[in-house]
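Novice: Letter by letter, the chains look like this.
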Amino acid sequence: MIFREVEDRDLIAKARQGDVEAYNLLVSRWEKRIFNYLLRLVSNREDALDISQETFLKAYQNLRKLDDPARFSAWLFRIAHNEAFSLLRRRKPESELSEPRPRDFGGRLLPIELSLAVESAFKVLSEDQREAVLLKVYQGFKFDEMAEILEIPVSTVKSRLYTALDLLKATLAPTVFRKGGLA
Amino acid sequence: MSCKLEDRRPDWKSYALGELDARARQEAESHVAACADCQDELAGLRVTLDAMATLREEELPRRIAFVSDKVFEPRWYQKLFLRPSFAAAGLIAAAILVHAFVRPVSTPANVPQPMAQVDTSAIESRVTAEVTARLQSEMAATINTAVTKAVAETEKRDDHRTALLLSASERRYTDAADFLNKQVTRIYALNTGAGVR
Numbered sequence: 001m002i003f004r005e006v007e008d009r010d011l012i013a014k015a016r017q018g019d020v021e022a023y024n025l026l027v028s029r030w031e032k033r034i035f036n037y038l039l040r041l042v043s044n045r046e047d048a049l050d051i052s053q054e055t056f057l058k059a060y061q062n063l064r065k066l067d068d069p070a071r072f073s074a075w076l077f078r079i080a081h082n083e084a085f086s087l088l089r090r091r092k093p094e095s096e097l098s099e100p101r102p103r104d105f106g107g108r109l110l111p112i113e114l115s116l117a118v119e120s121a122f123k124v125l126s127e128d129q130r131e132a133v134l135l136k137v138y139q140g141f142k143f144d145e146m147a148e149i150l151e152i153p154v155s156t157v158k159s160r161l162y163t164a165l166d167l168l169k170a171t172l173a174p175t176v177f178r179k180g181g182l183a
Numbered sequence: 184m185s186c187k188l189e190d191r192r193p194d195w196k197s198y199a200l201g202e203l204d205a206r207a208r209q210e211a212e213s214h215v216a217a218c219a220d221c222q223d224e225l226a227g228l229r230v231t232l233d234a235m236a237t238l239r240e241e242e243l244p245r246r247i248a249f250v251s252d253k254v255f256e257p258r259w260y261q262k263l264f265l266r267p268s269f270a271a272a273g274l275i276a277a278a279i280l281v282h283a284f285v286r287p288v289s290t291p292a293n294v295p296q297p298m299a300q301v302d303t304s305a306i307e308s309r310v311t312a313e314v315t316a317r318l319q320s321e322m323a324a325t326i327n328t329a330v331t332k333a334v335a336e337t338e339k340r341d342d343h344r345t346a347l348l349l350s351a352s353e354r355r356y357t358d359a360a361d362f363l364n365k366q367v368t369r370i371y372a373l374n375t376g377a378g379v380r
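Just so you know, the sequences run in chain order W and E.
For the first sequence, this note's numbering begins at 1 and goes up steadily by one.
For the second sequence, this note's numbering begins at 184 and goes up steadily by one.
It should be emphasised that the hints constitute simulated quantities derived from the structure, not laboratory data.
Every residue gets a Cβ at the ideal spot worked out from N, C-alpha and C, and that includes glycine.
Check before you lean on any hint, since a few could be wrong.
[To be verified] Under the rule of at most 20 Å between Cα atoms (straight-line distance), these lysine to any residue pairs were calculated in the SDA-like manner:
{"id": "1", "chain 1": "W", "residue 1": "Lys158", "chain 2": "E", "residue 2": "Lys332"}
{"id": "2", "chain 1": "W", "residue 1": "Lys169", "chain 2": "E", "residue 2": "Gly227"}
{"id": "3", "chain 1": "W", "residue 1": "Lys14", "chain 2": "W", "residue 2": "Asp68"}
{"id": "4", "chain 1": "E", "residue 1": "Lys332", "chain 2": "E", "residue 2": "His343"}
{"id": "5", "chain 1": "W", "residue 1": "Lys142", "chain 2": "E", "residue 2": "Asp204"}
{"id": "6", "chain 1": "E", "residue 1": "Lys365", "chain 2": "W", "residue 2": "Lys169"}
[Unchecked claim] Below, a sample of chain W positions facing chain E; criterion: calculated Cβ distance under 7 Å:
{"id": "7", "residue": "Gln17"}
{"id": "8", "residue": "Asn24"}
{"id": "9", "residue": "Leu25"}
{"id": "10", "residue": "Val27"}
{"id": "11", "residue": "Asp47"}
{"id": "12", "residue": "Leu49"}
{"id": "13", "residue": "Gln53"}
{"id": "14", "residue": "Leu87"}
{"id": "15", "residue": "Leu114"}
{"id": "16", "residue": "Ser115"}
{"id": "17", "residue": "Val137"}
{"id": "18", "residue": "Phe143"}
{"id": "19", "residue": "Tyr162"}
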C-alpha cells in the first residue's frame, strides 16, 4: 500500500461539507506563510495575527465559492491581500507622517544584522512594491499567479518587482558591498 | 554599457527569479560567460537576493484554529433535508399525498375497494432504524462537545506557555541585536578613527 499524504484539495472538500477539523489542518499548513506575508506587509505582529485570523475565517465562509481547489493558495493570498490593504488604507494618514529611513550598519555584517538591514531596507519600498517582493521572493509565486492575486496585468507585476529590486539593491549596497559584505 | 547585446540583453531579474524558460535560460547562461557587464549585473542581483534570504520566517504568536459551534450547526432533520436526494424524495412523497387527498373520486360506488395492507414488520424496522440513527447522532454530538471542550482547554494552556516563551526569546533577540550593533559600531569606529556615534 502506497502512503499518500492528504492533499489540500481533499481537506477543502471535507471542509466544504462542514468538517472543521479538516479546515483546521488546512489552516495549520498555511498559517505561517500567511502570517509572515502579512507581517512584512503591515509591519505589526498583532495586526498581522488579527488579519491572518480574519483571512482564514473569510476563506472558510467563502470556501464554496472557490471554483478550482488547485488555486487555493492564490485565492487565499488574494483574501489576505484584500484584508491587509483594507487595514493599510485605514492607517494611511498616520503612517504618512513618518518618513522611513534605512538604518546604517557599519563594518562587516553578521547574519542577524544583515536581516535587520533588509528589514530596514524594506521600509523604502512602497506597499505595492513590498508586496510584489514578498509574493515572489518569499512565497515563490509565479508572475501569472501574482497577477491573479493582485488583479493586475503581468507587466505591472514585473514593473513593481523590478523597481523594488533596484531600490533594495541600491539601499543595501552601502552595507552589503562597500563594507565587506556577508560575514 | 559594455554589453554588446545592449537592449537585447537577457532579462537578468527574470533569470535570477527563476521565470525564464529553459531555452531563454540557456541563451542567457552562454551569453553571461563572455560578458563582464552582465556578470556584474547578475552578481549584484544575487548578492541582493542572498541578503534578502537572511530574513527568517517568524513563528505565529499563537496558533489559529476554529471550533465547531454546535449551536449554529443544523439539526439532524435539517442535515437530511440539505441532501438533494432526500429533499427530492420528500417533495415527491408530499406531492403523492396531496394528490391522494385532493383528486376527485372517480371510482364507481359498486366497485369493491381493496383492503389496506399494513406491513407491520416494515414499519417496525423503519422505526428501529430511525431511533438508532437519532441515538447515534445524539451520542456523537455529546462526545464532540466533550472533546472540543478538552481541546480548547489544552490549547489555552499551550497558548499561555507559548506566549511566555516567545516573550522571553524576543527579549533575548533584542538584547543580542543591540549588543552586536554596539560592538560593530565600536569596531568600525576604532578601525576608521571616526568617533563613536
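Novice: Against the structure shown, which of the earlier numbered hints fail to hold, in ascending order?
Specialist: Numbers 1, 6, 7, 9, 11, 14, in rising order.
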